[in-house]
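Construct the complete structure from the given sequences, taking the supplied hints into account.
Spelled out from the first residue to the last, the chains are:
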Amino acid sequence: MIKFLLKGLLRDRSRSLFPVLIVAAGVMLTVFLHAWINGAISGLIQNTAHYQTGHVRVMTKAYAMHVDQIPNDLALLGVDTLLTSLRKTYPNLLWTQRITFGGLLDVPDEKGETKEQTPVAGMGVNLLSANSPEWKILNIQPALVRGELPKKHGDLLIAEELAQKLNVQPGQKATLISSTMYGSMSFTNFTIAGTIRFGVGQMDRSVIIADFSDMQQALDMQQGASEILGFYPDDLYHEDIADIMVSGFNAHFTNTTEKFSPVMETLRNQSGLSDYMDLVEKFTRLILVFFIFVMSIVLWNSGLTGSLRRYGEFGLRLAVGEEKDHIYLSLIIESLLIGIAGSLLGTAIGVAGAYYLQVHGFDIGSMMKNNTLMFTDIIRAQVEPSTFIIGFLPGILATLLGSAISGIGIYKRQTSQLFKELET
Amino acid sequence: MKYLFWFALFLPLTTLWGQTLSGNEILKKVDQNMFSENKILTSHMMIHGERGSRNVEAKSWQRGTKEAFTEFLAPAREKGTKMLKLQDMLWTYSPSTDRTILISGHMLRQSMMGSDLSYEDMMEDPHLPNLYTAKIASEETVNGRQCWVLDLTAKKEDIAYESRKVWVDKIRFVFLKENLCAKSGKLLKTIDVREVMEVQSRWIAKSVLYKDVFKDGEGTEFLIDSIVLDATIPEYLFSKAALKK
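Protein chains in written order, with the numbering used here: chain Y, 1 to 424; chain C, 1001 to 1245.
FYI, nobody ran anything at the bench for these hints, they're computed from the structure.
Even for Gly, the Cβ is constructed at its ideal location relative to N, Cα and C.
Certain hints may be false.
Here chain C is said to cover these stretches of chain Y; the calculated rule only asks that three of the stretch's residues, wherever they fall, bring their Cβ under 8 Å from a Cβ of chain C [what the hints assert, rightly or not]:
#	region
1	112-125
2	170-180
3	187-197
4	287-293
Have a look at this one:
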């Protein structure tokens, strides 16, 4: 029967071509959007983890409450002990300590007077150890634009955009003006070792990176750190494992009455990322539901048009004794074949388009100038196993639904009227 | 007995005289009492933060309202840090970097040495009659002293504290308490004078507790260790060159 119906569809293109094209277009759009959103979100999660939150982050309770203000007066103290404990208790993660800070970078003229001054967002990370995981996590080597990587205490990396704005070259001196952990103003001289560009708008606007121990000294944070970050070695965020780990850590270490006791948080629960990820998930679902709904209406309409054209055919088939159920079933099977063909075609085109964007990406840097999320300037689609099946079900479902609704007309035909109809 | 008679005669008169003073006149008298052309003072600030207290010692030379030079003496980390106020400009020198840096813009609103005082507080014109109009709101007793409570309203915009409520000692014409508020009326800082002292016929706050209401901790105690009014101050101090000496 399927072979018979397939032949019919192939021979009568008006029955197959238009519905297949509609389904293919819808499926292609769904597949492409899904891969695109996936890519954008994966990039956002990865960048947020690398530059901001880690996959899990340990802070003091008080720091966590005001984390957006970078309150180093509420930073962790005794971090070496805590770090050792974390490495021992959770050996599967890479643990690293960081100091985040804000301040002004002041570039002197030849007399030592301020020539240029601009606000900066800084990170103190372990740069002077060859074994530091930060080289890989922050992707520092490939990000180097000019100069060289820090080799000694007092070396500083600054964003290339910032270097251009301040008109400074590698090798020049600059003074960081910031606040110590105790609120005093701090002044620290650095040598600009090199300039960097991560391709993440928010970082490239104003970031400076200094060695962790230099920043401890500069901000009077002996044995202190803003936060300790944990990363999974495969660089993927494993939410379920992270949730269990966070519950275990907080139950063991967090004292509910002590505001400086350490608390661990997952990537998802930080920086408003959970709201954002939930929103994206809802948005993706909405696209799929909307696609099925619109496609169903279009295919219903297409089915009605086809039924009208095949009005005589159905009448003849009923007149020669074919059951209404059988005709309806054949219509459904036809639509199933159309749905499969359309979905295959749509998925193929959608995946091809997404793969192209996965390789080449799309530069949205100019649109992200004032963005505060960790989006990369070049957004890439991400093709993954789910990309191949995400459009399939909606494609087939929409076709079936369209045909099922339009095919109901078959049951409204009166056998007694058939010959009269055929005569006209 | 004769003295008692004269005292009894003049007591109601002085009280009457006191009551007839307007808010602005009281503010002027406070200004006349507190303000001296030149002064040299050594002081220390006990900053009570969330993680303990810190002691910061400093020596200041002040000439008029527009010029001041301060050198921090302790703790070791701050020792040698100097600040120079000339007109509306404020420079700071840090010996560790050997740099003189102009403090401007939003940096002025930052806490000075982690205290409850901001650099903007340092830059403020100490002649309050120039900045505010005063009205007597009520009378209260503070630390056992009879006080006028004055409501001060800024005469111009672009001022750190749009309004203030001050408690003025009726006899000594010194502030015993201040509430500093934003334009919205929200309380920003409180100042409590814990001890006053008489220096060269003037009453001056010796021990003051500053509290920034938005900061955790128990505030900053400011204590004057020594003060010389109308002192002779060398001219060279009020130059940027003095910062590096």
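These are the hints, each one checked on the structure:
no.	hint	result
1	112-125	holds (count 3)
2	170-180	holds (count 4)
3	187-197	holds (count 3)
4	287-293	violated (count 0)
The structure is inconsistent with hint 4 alone, although it conforms to all the rest.
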